[in-house]
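The task is to assemble the complex, starting from two chains supplied on their own in separate frames and drawing on the hints.
Chains as they are written, first to last, in this note's numbering: chain C, 1105 to 1363; chain D, 564 to 872.
The hints are simulated quantities; they were obtained by calculation from the structure and are not laboratory data. Accuracy of the hints is not assured; some may be wrong.
Cβ-Cβ distance ranges computed for the label pairs, FRET-style [to be verified]:
id	chain 1	residue 1	chain 2	residue 2	range
1	C	Met-1105	D	Arg-614	55 to 63 Å
2	C	Val-1134	D	Val-637	18 to 26 Å
3	C	Glu-1233	D	Pro-605	52 to 60 Å
4	D	Tyr-629	C	Glu-1233	44 to 52 Å
5	C	Val-1353	D	Asp-783	34 to 42 Å
6	D	Gly-698	C	Glu-1301	43 to 51 Å
7	C	Arg-1255	D	Gln-745	23 to 31 Å
8	D	Leu-854	C	Glu-1305	39 to 47 Å
9	C	Glu-1301	D	Asp-783	47 to 55 Å
10	D	Leu-854	C	Val-1134	52 to 60 Å
In silico lysine to aspartate or glutamate, DMTMM-like type, Cα no more than 25 Å apart, as pairs [unchecked claim]:
id	chain 1	residue 1	chain 2	residue 2
11	D	Lys-626	C	Asp-1157
12	C	Lys-1339	C	Glu-1293
13	C	Lys-1152	D	Asp-783
14	C	Lys-1292	C	Glu-1230
15	C	Lys-1142	D	Glu-619
16	D	Lys-608	D	Glu-594
17	C	Lys-1121	D	Asp-867
18	C	Lys-1131	D	Asp-625
19	C	Lys-1197	D	Asp-783
20	D	Lys-626	C	Asp-1237
21	C	Lys-1331	D	Glu-619
22	C	Lys-1131	C	Asp-1157
23	C	Lys-1294	C	Asp-1237
24	C	Lys-1127	D	Asp-867
25	C	Lys-1339	C	Glu-1189
26	C	Lys-1197	D	Asp-867
27	C	Lys-1197	D	Glu-619
28	C	Lys-1337	C	Glu-1141
29	D	Lys-626	C	Asp-1247
30	C	Lys-1139	D	Glu-594
31	D	Lys-636	C	Asp-1251
32	C	Lys-1235	D	Asp-783
33	C	Lys-1127	D	Asp-783
34	C	Lys-1235	D	Glu-619
35	D	Lys-626	C	Asp-1107
36	C	Lys-1292	C	Asp-1247
37	D	Lys-608	C	Glu-1321
38	C	Lys-1131	D	Glu-619
39	C	Lys-1331	D	Asp-867
40	C	Lys-1235	D	Glu-609
Don't be surprised by glycine CBs; every beta carbon is placed ideally from N, CA and C.
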Amino acid sequence: MPDDLAIRIEDLSITYKINVDTKRTLKNAVMRASKGEKVRMRKVEAVKHLTLDIPHGSVVGIVGANGAGKSTLMRSIAGILPPSEGRIIVNGKISTLLALGVGFNPALSGRDNIILGGLASGLSREEIEAKTDEIAEFAALPDGFIDMPVRTYSSGMYGRVAFSVAVNMTPDILLLDEALSAGDASFKEKSFGRMRELCAEARTILIVSHALATVTELCDVAIWMHKGQMLAKGKPQEIVDQYLKFLDVGALPSNFEDM
Amino acid sequence: MNLTPERWQNAAVANTQKQDESFIPLIQVFEPHRASLPPLIPYVKEFWRRRTFAIELARFTDKAEYLGSKLGKVWLVLNPLLLAFVYFMLVTVIRGGGTSKNGLTTLAHILIGLFTFSFASSCISAGATSITTGGRLILNQAFPRALLPFSSSISAFYQYLPTIPVYLAVIIIGKIFYPKTQIPTLSWAFLWVPVIVALLAVTAFGLALIFATMNVYFRDTNKLLSYITRIWLYASPVLWLPEMLHGWHRAFLYVNPLGPALAANSSIWIEGKSPTTSELIGCLVWAVIALVFGGYFFTSRERDFAVRI
Chain C
1105 MPDDLAIRIE
1115 DLSITYKINV
1125 DTKRTLKNAV
1135 MRASKGEKVR
1145 MRKVEAVKHL
1155 TLDIPHGSVV
1165 GIVGANGAGK
1175 STLMRSIAGI
1185 LPPSEGRIIV
1195 NGKISTLLAL
1205 GVGFNPALSG
1215 RDNIILGGLA
1225 SGLSREEIEA
1235 KTDEIAEFAA
1245 LPDGFIDMPV
1255 RTYSSGMYGR
1265 VAFSVAVNMT
1275 PDILLLDEAL
1285 SAGDASFKEK
1295 SFGRMRELCA
1305 EARTILIVSH
1315 ALATVTELCD
1325 VAIWMHKGQM
1335 LAKGKPQEIV
1345 DQYLKFLDVG
1355 ALPSNFEDM
Chain D
564 MNLTPERWQN
574 AAVANTQKQD
584 ESFIPLIQVF
594 EPHRASLPPL
604 IPYVKEFWRR
614 RTFAIELARF
624 TDKAEYLGSK
634 LGKVWLVLNP
644 LLLAFVYFML
654 VTVIRGGGTS
664 KNGLTTLAHI
674 LIGLFTFSFA
684 SSCISAGATS
694 ITTGGRLILN
704 QAFPRALLPF
714 SSSISAFYQY
724 LPTIPVYLAV
734 IIIGKIFYPK
744 TQIPTLSWAF
754 LWVPVIVALL
764 AVTAFGLALI
774 FATMNVYFRD
784 TNKLLSYITR
794 IWLYASPVLW
804 LPEMLHGWHR
814 AFLYVNPLGP
824 ALAANSSIWI
834 EGKSPTTSEL
844 IGCLVWAVIA
854 LVFGGYFFTS
864 RERDFAVRI
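If we strip away everything but chain D, and leave its shape as in the complex, we get (with noise of 0.2 Å):
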C-alpha cells in the first residue's frame, strides 16, 4: 500500500481532532532514563485518568475471588474476628484478669485495632506483590504502574468496609450483657474516624509501594513481609494500650509508622475523643513521608520492571 497525499491529510485531520478528547499529548517522546523520575505532571495527570482502571480491576479481582465460594466474604470477615477473640484470650490471661477496665473495652480496642491494622496491612502485603503478578499486563501495555499497587490499596478499603458493621454488631451483643461498660454513643469525634482512615490508607499506599518494588528486585520479599507484618502488630497499639507507655517510651509509638493512626483511632472508637495534636501530627507526618519516599522509590525505577518481570 502505498502513501498517497490525501491518506496523509486523513491523517492529520484525525489528529487534531483527537487532540481535544484526550489528556495526553499526542506526540509523545521516550528518552533514556532509568534510575530517575519519568515527568511527574504528566505522570499524575494519566494515573488520575486511568484509574477507573485501578477501581474496576480491584472489584473484579475480588469478584473473581469469590466467585465460587457464598462463604469466601464470610471468611473475610470471620478470620479477623475470631483472631480478635484469640488474642483477646490470651491478653486477658496473661494480664491475670486484674485490670481496671472492663473485658469489654479491652475486646472493643483489640476488634477495632485488628480490623484497621488488618487493612492497612493487606494493603502492604496485596500491593507489594501487584507487580510481580501483573506481569502479562505489564509486558503488554504502558501505564502508570503504580496503579496496580492503588488498586491492592482499593480492595483493601473494599474488605475493610465490612468489618465496621460487625464491630458495631458486637459491641452492641457485648453492651446487653454488660449494661455498665463505658462505650461511647455517636459523637463528633467519630467524623475524624474518615480522616484517620485516610490518612491511614495514603501511608499503607507509600509503603506498599516501597515493597512492591523491593519484590521486584527481590522475590522473596513479600515472604519476609509476612514476619514484618507479624511484628509489625505486636508494636501497635492493638494488643496493647498507647496510655500503657509512659516518658519516652511513647516515642515508640511514633517511631511506628501506623502507630499515631492505630492510636487516634482507638481513642475515638473506645472512648469517644477527638485525636490529639500530636497523633495528627503524626499521621500526616507518616502519610507524607510514606507517599513522598515511596512513590519516589517506585516510579524511578518502574520503568526497570519491564525487563526484570
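Chain C on its own, in the form it takes in the complex (with noise of 0.2 Å):
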C-alpha cells in the first residue's frame, strides 16, 4: 500500500444475517427445535463491493439515505465489523464516535467517564490522567456538571463529552457517525476548528452525517452511498447537490446502471 493512504478498501463485501422471527432465547430454540421449524433469518448486504482509497490529511464526508451502509462502513474501518468479503487495510491510530454515548456506566461522574474511554481506547492510566483536564475543557460543559454522574447531563451534554474524548485522542484517522448533531451551535464551531487542527496535522477524517451543510463545509472529499453501493465520489458541493436532487425527485445518477 502507498504511504500516502491513510485507509485502502479493497472491493469490500459486508453480509450479515439477522433474525426476523422472535426473540433468540434458549426456550425459543428448544421449542422451535421439538416442533421442526427454522428460523427464519434475513441476509443484509450492508456494504456491497466497494473499493475506496483514502490520503492521509482527508476529511471525508459520507452522505447517504438511512440504511445505505454508512455506519457499517465506518464500523468496518474501525475494525469492529470484519469485512466478508475483500480486505480493509487502515494505516494509523483509530479514534472513533459511533454509537453516540461512551457506554458507559450513567451513574459515573463525567470524569470517570473520560478516563474509562480514554483507557478503553488504549491509553495508558498516565496518558490519559494527563489528557483529563484538557477533555473536560473541551467539553466546557457548565459549571461542576464534570464531576456530576452522566445522568444527570442532557443528550447534547453527553454528546459533547464523548466528542471530546474522540478529538482529543490525537488520532491518525478519526471516525465520527452523527457526532455532530448533538451540541449548539457554539460547540459546533468549536469542533470544526478542532477538526481543521487534526487535518492540517495530516490527519484523516471520515463523517458521516445528515446535515449537509457540515459536509460541504468541512470535508474536501464526498462520497453518496446507496443500498451499500459507492454511487458517486467527488467534490462535496456536487455530491450533496446530486443527492439533493434524488431526494426530490428519486433520479440517480445516470451511470448508476452500469454499476
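See the structure below:
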C-alpha cells in the first residue's frame, strides 16, 4: 500500500444475517427444534463491493439515506465488523465516535467516563490522566457538571463529552458517525476548529452526516452511498447537490445503471 | 483541502515516530473471518496492553454500584454470611445434630466454601452478561472483547477479598465459645490458598467466556444460569464434605469444574492440610480446559457480537 494512504478498501462486502421472527432465546430455540421449524433469517447486504482509497490528511464526508450502509462501513474501518469479502488496510491509530454515548455506567461522573473511554481506546492510565483536564475543558460543560453523574446530563452535554474524548485522543484517523448533531452552535464551531487542526496535522477524518451543510463546509471529498454501494465520489458540493436532487425527485446519477 | 506533498511528508514523519511507542502494528489489515480465530498473538498482546481498562472498569463499576448506599458494601458480605447460617441450620437439622464433628467446624466449612463458591459464581454470572450489557462500548470501539468478562472477574475478586476477614472474625468469635474445636492455626499450607484461588479464578473466567458467548446468541442464558448455579452449589463440596464420598463416588468431585478447587480450599482452611496431588491436578486440568475451550469459543465468535448486540 502506498505510504500516503490512510485507508485502502479493496472490494469490500459486508453481509450479515439477522433473525426476523422471535427473540433469540434458548426457550424459543428448543420449542422450534421440537416442532421442527427453521429460523427465518434475513440476509442483509450492508456494503457491496466497495473500493476506495483515502489519503492521509483528507476529510471525507459520507452521505446517503438511512440503511445505505454508512455506519456499517465506518464500523468495518474501525475493525469492529469483519469484512465478509475483500480487505481493509488501515494505516494509523483510530479514534471513533460511532454510537453516541461512550457507553459506561450512567452513575459515574463525566470525568470517570472520560478516563474509562481513554483506557478503552488503548491509552495508559498516565496518558489519559494527563489528558482528562484538557478533554473536560474542551467539553466545556456548564459549572460543575463534569463531576456529576452522567445520568444528570442532557443529551447535548453527553454528546459533547463523547465528542471531546474522540477528538482529543490524537488519532491518525478519526471516524465520526452523526457525532456533530448533539452540540449547540458554539460547540459546533469549536469542534469544526478542532477538526481543522487535526486535518492540518495530516490526520484523516471520516464523517457520516445527515447535516449536509457540515459536509460541504468541512470535507474535501464526499461519498454518496446508496444501498450498500458507492454511487458517487467527488467534490462535496457536487455530491450534495446530486444527493439532494435524488431526495427530491428520486433521480439516481445516470451512471448508476452500469454499476 | 488539497493534499500537498509537504503534508504527506508530515504524515510519514508522524507515523515513524509513533511506530516505536505502540505495541499494535500501525498498519492494520482487516480481512474476512467469522467462525475462526483472530490472530492470537496480537490478540493476547492487545488484551494485556489494555488490562488497566479492565481493572479500572471493575473499580469504577463497583464505585457506581455502591455510590448511593453506604450499606451496599455491607450487604455484599452480609448476604453470603446470612446464607451460610441458613445452610448451617439446614445441614444441622438434616443430620439431626449427631455428627462426629463439631458444629463450629461444619460452620467454618460452609462459610469458607460458600464465600469461595460465590466468588466463582459471580465471576460466571457477571461475566455472562458483560457482553450483552456492554452494547454501546462494543459498537463504538474495537478492542479484545474478552476484556469485558475479565473485568467482571476482577470485580468478583474485589468482592471476595473482604469475606476472608469476615470468615476469620466468625471463627475467632466461635473459638471463644467452643475452645475445644480443632481449627488450625496459621501454617505453611495456607500458602496454597492463593494458588488454589488463582486456579479457581482461571476456571471461572473460562466458564464466563462460554456463558457470555451463549448469552449473545440466546438472551435467556443468564436466567438459566441462576438455576445452574444453584444446582452447582449443591453439587459442590460446600454443604457436604469431600470425605463423605467413598469409592467411585469420589469421581463426582472431579467431574465438577469447581469441585477440586473447593475441596482443596476447604481442607486448607479447616484442617490446615496442603492439597493432595489429585486435587491439584484436578484444579489445573479444569483451569486449562476452561480457559482453552472458553477462550476458543469466545474469540472465534467475538467479531460476530457487533451485529448481534
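Checked hints:
1. Met-1105/C to Arg-614/D: 55 to 63 Å: 31 Å, violated
2. Val-1134/C to Val-637/D: 18 to 26 Å: The hint (18 to 26 Å, Cβ to Cβ) is violated, given that Val-1134/C and Val-637/D are roughly 41 Å apart.
3. Glu-1233/C to Pro-605/D: 52 to 60 Å: 26 Å, violated
4. Tyr-629/D to Glu-1233/C: 44 to 52 Å: 23 Å, violated
5. Val-1353/C to Asp-783/D: 34 to 42 Å: Hint violated: Cβ distance 48 Å, outside 34 to 42 Å.
6. Gly-698/D to Glu-1301/C: 43 to 51 Å: 32 Å, violated
7. Arg-1255/C to Gln-745/D: 23 to 31 Å: 53 Å, violated
8. Leu-854/D to Glu-1305/C: 39 to 47 Å: Holds, since Leu-854/D and Glu-1305/C (Cβ atoms, about 43 Å apart) stay within the stated range.
9. Glu-1301/C to Asp-783/D: 47 to 55 Å: 49 Å, holds
10. Leu-854/D to Val-1134/C: 52 to 60 Å: Violated - the Cβ-Cβ distance for Leu-854/D and Val-1134/C, about 29 Å, lies outside 52 to 60 Å.
11. Lys-626/D to Asp-1157/C: 45 Å, violated
12. Lys-1339/C to Glu-1293/C: 22 Å, holds
13. Lys-1152/C to Asp-783/D: Violated - the C-alpha atoms of Asp-783/D and Lys-1152/C are around 34 Å apart, more than 25 Å.
14. Lys-1292/C to Glu-1230/C: Roughly 29 Å between the alpha carbons, so the hint for Lys-1292/C and Glu-1230/C is violated.
15. Lys-1142/C to Glu-619/D: At roughly 43 Å apart (the allowed maximum being 25 Å), Glu-619/D and Lys-1142/C break the hint.
16. Lys-608/D to Glu-594/D: 19 Å, holds
17. Lys-1121/C to Asp-867/D: Since the Cα atoms of Lys-1121/C and Asp-867/D sit roughly 10 Å apart, the hinted pair holds (cutoff 25 Å).
18. Lys-1131/C to Asp-625/D: 32 Å, violated
19. Lys-1197/C to Asp-783/D: 37 Å, violated
20. Lys-626/D to Asp-1237/C: 21 Å, holds
21. Lys-1331/C to Glu-619/D: 41 Å, violated
22. Lys-1131/C to Asp-1157/C: Given pair Lys-1131/C, Asp-1157/C is violated - Cα atoms ~47 Å apart, limit 25 Å.
23. Lys-1294/C to Asp-1237/C: 17 Å, holds
24. Lys-1127/C to Asp-867/D: Answer holds: Lys-1127/C to Asp-867/D is near 17 Å, not above 25 Å.
25. Lys-1339/C to Glu-1189/C: 28 Å, violated
26. Lys-1197/C to Asp-867/D: With Cα atoms ~23 Å apart, Lys-1197/C and Asp-867/D stay inside 25 Å; holds.
27. Lys-1197/C to Glu-619/D: 22 Å, holds
28. Lys-1337/C to Glu-1141/C: 45 Å, violated
29. Lys-626/D to Asp-1247/C: With a Cα-Cα distance of about 23 Å, the restraint between Lys-626/D and Asp-1247/C holds, given a limit of 25 Å.
30. Lys-1139/C to Glu-594/D: Answer violated: Lys-1139/C to Glu-594/D is near 38 Å, above 25 Å.
31. Lys-636/D to Asp-1251/C: 23 Å, holds
32. Lys-1235/C to Asp-783/D: 41 Å, violated
33. Lys-1127/C to Asp-783/D: 10 Å, holds
34. Lys-1235/C to Glu-619/D: 17 Å, holds
35. Lys-626/D to Asp-1107/C: 46 Å, violated
36. Lys-1292/C to Asp-1247/C: 19 Å, holds
37. Lys-608/D to Glu-1321/C: 41 Å, violated
38. Lys-1131/C to Glu-619/D: 36 Å, violated
39. Lys-1331/C to Asp-867/D: 22 Å, holds
40. Lys-1235/C to Glu-609/D: 22 Å, holds
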